[in-house]
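Undergrad: Listed below are the residues making up each chain.
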Amino acid sequence: MWTYLGRRLIQVPLVLLVVSLMTFLITRATPGDPVQIMLGMQTSPAAVAAMRAEFNLDKPLPVQYGLWIAKVATGDLGRSIRLNDRVTSLIGERLPVSLQLAAAGMIFALLLSIPLGVIAALRRNTWIDYLCTGYTVLGFAVPNFGLALILIYVFSIKLNWLPITGIGTEEAAAGGVWTYFSPFIIPAVALGTLQTAMLTRLLRSSMIDVLSQDYMRTARAKGLLPPTIVIVHALKNAMIPFITMAAVQFGYMIGIQVTIEYIFAVPGMGSAVLNAVVNRDFPVIQGFTLVIAIFFLMTNIAADMLYSLIDPRIRY
Amino acid sequence: MALLSVRNLRTRFATDRGTVRAVDGVSFDLAEGEILGLVGESGSGKSVTALSVMRLVPEPPGRIAADSLAFDGTEILALSEAEMREKRGASMAMIFQDPMRSLNPVLTIGRQLTEVLHRHQKIDGAAARKRAIELLEMVGIPMAEKRLAAYPHQFSGGMRQRVMIAIALSCNPRLLIADEATTALDVTIQAQIVELVKQLTHERGTSVIWISHDLGVVAGLCDRVNVMYAGRVVETSPIRDLFKHPRHGYTLGLMGSTPRVDGMQHRLTPIEGLPPNLTEPQTLCPFLPRCRVSVEACRQRPPEARSFGPDHTAVCLADLGT
Amino acid sequence: MAGTTQAPPFQFRGSFLLAARQFPRNRAATLGAVFLLLICLGAIFAPLIAPYDPIQIKLAMKLKPPSLEHLMGTDHFGRDIFSRMLYGGRTSLSVGLLVVGFAFALGVPLGLASGYFGGSVDNLLMRLVDAFLTFPPLLLAVALVGLLGPDIQNVMIALGLVQAPILARMVRGSTLAVREEVYVTAARALGATPTRIVLSHLLRNMISPIVVQLTVVFSAAVVAEASLSFLGFGTQPPNPSWGRDMSEARRFLNDAPWMFLSPTLMIALCVLSINFMGDGLRDALDPRSWRARRRVAGED
Numbered sequence: 351m352w353t354y355l356g357r358r359l360i361q362v363p364l365v366l367l368v369v370s371l372m373t374f375l376i377t378r379a380t381p382g383d384p385v386q387i388m389l390g391m392q393t394s395p396a397a398v399a400a401m402r403a404e405f406n407l408d409k410p411l412p413v414q415y416g417l418w419i420a421k422v423a424t425g426d427l428g429r430s431i432r433l434n435d436r437v438t439s440l441i442g443e444r445l446p447v448s449l450q451l452a453a454a455g456m457i458f459a460l461l462l463s464i465p466l467g468v469i470a471a472l473r474r475n476t477w478i479d480y481l482c483t484g485y486t487v488l489g490f491a492v493p494n495f496g497l498a499l500i501l502i503y504v505f506s507i508k509l510n511w512l513p514i515t516g517i518g519t520e521e522a523a524a525g526g527v528w529t530y531f532s533p534f535i536i537p538a539v540a541l542g543t544l545q546t547a548m549l550t551r552l553l554r555s556s557m558i559d560v561l562s563q564d565y566m567r568t569a570r571a572k573g574l575l576p577p578t579i580v581i582v583h584a585l586k587n588a589m590i591p592f593i594t595m596a597a598v599q600f601g602y603m604i605g606i607q608v609t610i611e612y613i614f615a616v617p618g619m620g621s622a623v624l625n626a627v628v629n630r631d632f633p634v635i636q637g638f639t640l641v642i643a644i645f646f647l648m649t650n651i652a653a654d655m656l657y658s659l660i661d662p663r664i665r666y
Numbered sequence: 449m450a451l452l453s454v455r456n457l458r459t460r461f462a463t464d465r466g467t468v469r470a471v472d473g474v475s476f477d478l479a480e481g482e483i484l485g486l487v488g489e490s491g492s493g494k495s496v497t498a499l500s501v502m503r504l505v506p507e508p509p510g511r512i513a514a515d516s517l518a519f520d521g522t523e524i525l526a527l528s529e530a531e532m533r534e535k536r537g538a539s540m541a542m543i544f545q546d547p548m549r550s551l552n553p554v555l556t557i558g559r560q561l562t563e564v565l566h567r568h569q570k571i572d573g574a575a576a577r578k579r580a581i582e583l584l585e586m587v588g589i590p591m592a593e594k595r596l597a598a599y600p601h602q603f604s605g606g607m608r609q610r611v612m613i614a615i616a617l618s619c620n621p622r623l624l625i626a627d628e629a630t631t632a633l634d635v636t637i638q639a640q641i642v643e644l645v646k647q648l649t650h651e652r653g654t655s656v657i658w659i660s661h662d663l664g665v666v667a668g669l670c671d672r673v674n675v676m677y678a679g680r681v682v683e684t685s686p687i688r689d690l691f692k693h694p695r696h697g698y699t700l701g702l703m704g705s706t707p708r709v710d711g712m713q714h715r716l717t718p719i720e721g722l723p724p725n726l727t728e729p730q731t732l733c734p735f736l737p738r739c740r741v742s743v744e745a746c747r748q749r750p751p752e753a754r755s756f757g758p759d760h761t762a763v764c765l766a767d768l769g770t
Numbered sequence: 216m217a218g219t220t221q222a223p224p225f226q227f228r229g230s231f232l233l234a235a236r237q238f239p240r241n242r243a244a245t246l247g248a249v250f251l252l253l254i255c256l257g258a259i260f261a262p263l264i265a266p267y268d269p270i271q272i273k274l275a276m277k278l279k280p281p282s283l284e285h286l287m288g289t290d291h292f293g294r295d296i297f298s299r300m301l302y303g304g305r306t307s308l309s310v311g312l313l314v315v316g317f318a319f320a321l322g323v324p325l326g327l328a329s330g331y332f333g334g335s336v337d338n339l340l341m342r343l344v345d346a347f348l349t350f351p352p353l354l355l356a357v358a359l360v361g362l363l364g365p366d367i368q369n370v371m372i373a374l375g376l377v378q379a380p381i382l383a384r385m386v387r388g389s390t391l392a393v394r395e396e397v398y399v400t401a402a403r404a405l406g407a408t409p410t411r412i413v414l415s416h417l418l419r420n421m422i423s424p425i426v427v428q429l430t431v432v433f434s435a436a437v438v439a440e441a442s443l444s445f446l447g448f449g450t451q452p453p454n455p456s457w458g459r460d461m462s463e464a465r466r467f468l469n470d471a472p473w474m475f476l477s478p479t480l481m482i483a484l485c486v487l488s489i490n491f492m493g494d495g496l497r498d499a500l501d502p503r504s505w506r507a508r509r510r511v512a513g514e515d
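One line per chain: the protein sequences are A, B and C, in this order.
For the first sequence, the numbering used here begins at 351 and goes up steadily by one.
For the second sequence, the numbering used here begins at 449 and goes up steadily by one.
For the third sequence, the numbering used here begins at 216 and goes up steadily by one.
To be clear, the hints were calculated from the coordinates, so they are not data collected in a lab.
Simulated crosslink set (DSBU-like; lysine-lysine; CA at most 30 Å straight-line):
| no. | chain 1 | residue 1 | chain 2 | residue 2 |
| --- | --- | --- | --- | --- |
| 1 | B | 646 | B | 578 |
| 2 | A | 508 | C | 277 |
| 3 | A | 508 | C | 279 |
| 4 | B | 646 | B | 692 |
| 5 | B | 594 | B | 570 |
| 6 | B | 646 | B | 594 |
| 7 | A | 508 | C | 273 |
| 8 | B | 578 | A | 586 |
| 9 | B | 578 | B | 594 |
| 10 | B | 570 | B | 646 |
| 11 | B | 594 | A | 586 |
| 12 | A | 409 | A | 421 |
| 13 | A | 586 | B | 570 |
Using the sequences plus the hints, can you model the full thing?
TA: This is the structure:
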């Protein structure tokens, strides 16, 4: 198994290289000068030139890329042009927040999709099943920002049960459990509903498949109690594809949650990239996409490894 | 008193092509310690009969009905599902055709053994482990202790079936049903498994219903045989008598299509035609279209059960006197 | 999960008619197709149907709730939301269609080449696809549009570039499976050229999964365009766009909830109809499910 892991890990730098090259080319090939944007129109050409030199923007493209790669190899992702800060420390501030949001969304998705998927499979083709699948259809159809607005309207404005700002702020951290966690609720539901839909469908289909297998008949022939049969015998098998998909989806979350971060003013990775794109803040764009890509690749590899851990038939 | 007494068992399935009469009026008795063979081709209703006895038929779309279905004096059809669960695995057990597919791939062999012990005999922990090891040794699995942590895919086909037997016999059932238990195995392994079953059930006095389409295996194992066709028992006989004097057109056909290792090698004569459509009720003999020995009467009235000696009955109008 | 065998070959003439007849049996799919048609018609004939000019400002009428004169109410500029929805549909649907075309034109040949020729071609292309897929799609689209400029064409290019690799992957998978089928070997034995094999045999068999994937691409494109516009990267004001209007509606959540509900509803309806239609298409195009339809619950 370790050799398989090793092989997968070796491919990572290669993919990252291609990703960073693509990002680099896209940012450099498109119009817009970050320095100009930063300093404004009134500054002297000398100041502009000086800043350009500072960020290596006056050198030929391959050199710029080479310099950046060299720095990355030492763990230095450069400095933001717009914000006077190292990219790595910006990431250090924003990544935890994004991860918390993604985790919240995922937890919501898991809490809902597992029971829904199981019940829908057990009560297949009854009204309960139709209700569950109907819910998943809505989850697919309503975009997450639309759902966010609906939830804000109902739960925050009309009912005033839940707050909508304050994720990841220091006041929230100081204020106690509810103050810290409550701002996560609406965004988590909005973010996680699509995942809930996909995972419920997957689990339902997987359970239906498992329930028709011969070993379920053996379990019944042994006279085992229904909860044992469903949970130990059926669910354990059905969870295999479920868990791997959940892991992969988690990797995707950071990318998907851009709109949620935007609506709820979450100081996360997505909103940082958004601002950086507007301001042509190259180092931030490159650094952040690199980290996001690493995260995605790592979760994918973890998902594969997880697969071999939970399915005894698979041993790499 | 018979351990199992079946009277007019009728199991039907609702499909949108009509009601399928999978079991259409089956009656038989099973004595203590007896090994009964259920023989017939696919679709003859033998598996469904067995599943009906254990009430493992999904209802809906199935429905089990009978004048009487008595196991050890208790009417099976009158029991609640919870009461039925107490019996399954404990006093009646079943093993199936393909042990690879019948064992749960993500649970260890040990777990699949101990859970039955825990459920019915309330043994767990170290005591269950010990018993599980004994059971594995009983069915002839070497290095039993190490095997407890193994998974089904790490075993060979024959060993998997041995495990199934161990699971089935773990709580000392009165009745063991084996549904095509050796069909998916190598011929040499088949023989071993048959011997194992014979030995273990004889030791314990367990009654067995052995379902197969293979007359050869049945001949070496069973005391009596019920030949089934189209959901009915068409002939029932002690084993020797059946081979010496088959009394039903279908039985005759089966004999003719079974290769023999003894004596003359003549051509195998397959039974022409296809099994009947089980959604249509049959007034005349269901085997008539394919029968080589039918007589005029067969086309005019339904066949009656006729007795040919102690315990030998055939539902056939033709006279196959040999 | 469980492996599925390839659907049998899909001959155009006879099967097409059979498929067309199968389609209406699936009620959800027909409903979906009907809704989609309505939305399309609404979009195409917007200038004729729309009761008001979508961008004309009438401050006196601002923030009015839905009524007979304004079916979906008015926004903060007094503009009729219903008219804006119709015109917004034009943007969304045209983006959707063009993205589908772009993804198809780019992704299918890529996938076919990769799957059919295999070897180093396959390796190279799939590494590229992998790199693309490592980007979270929305961020990639944001980056592309943000850097190229918030122009509708850039949106289409960006979304097409994002969807094409996924399609390519899928087509490659199908190609690999179909390539090994006996009739392909037979065709090769009869001296068919690669082009002919690819076009007549491979492509025909992949019609069903490709069509279904294209419906997924379509609905994903509609949602993505809305997301981009919502974030400020797509259609620019004052042009009507479902996503953009939702963003503007944020300030008026309490006062005028119809402002955000209408575009949300439109997007949801659009995605729902496309998805149901896609399901129906999938069932209609797979000959195996034709007979299956006659069986009642109990087999899936």
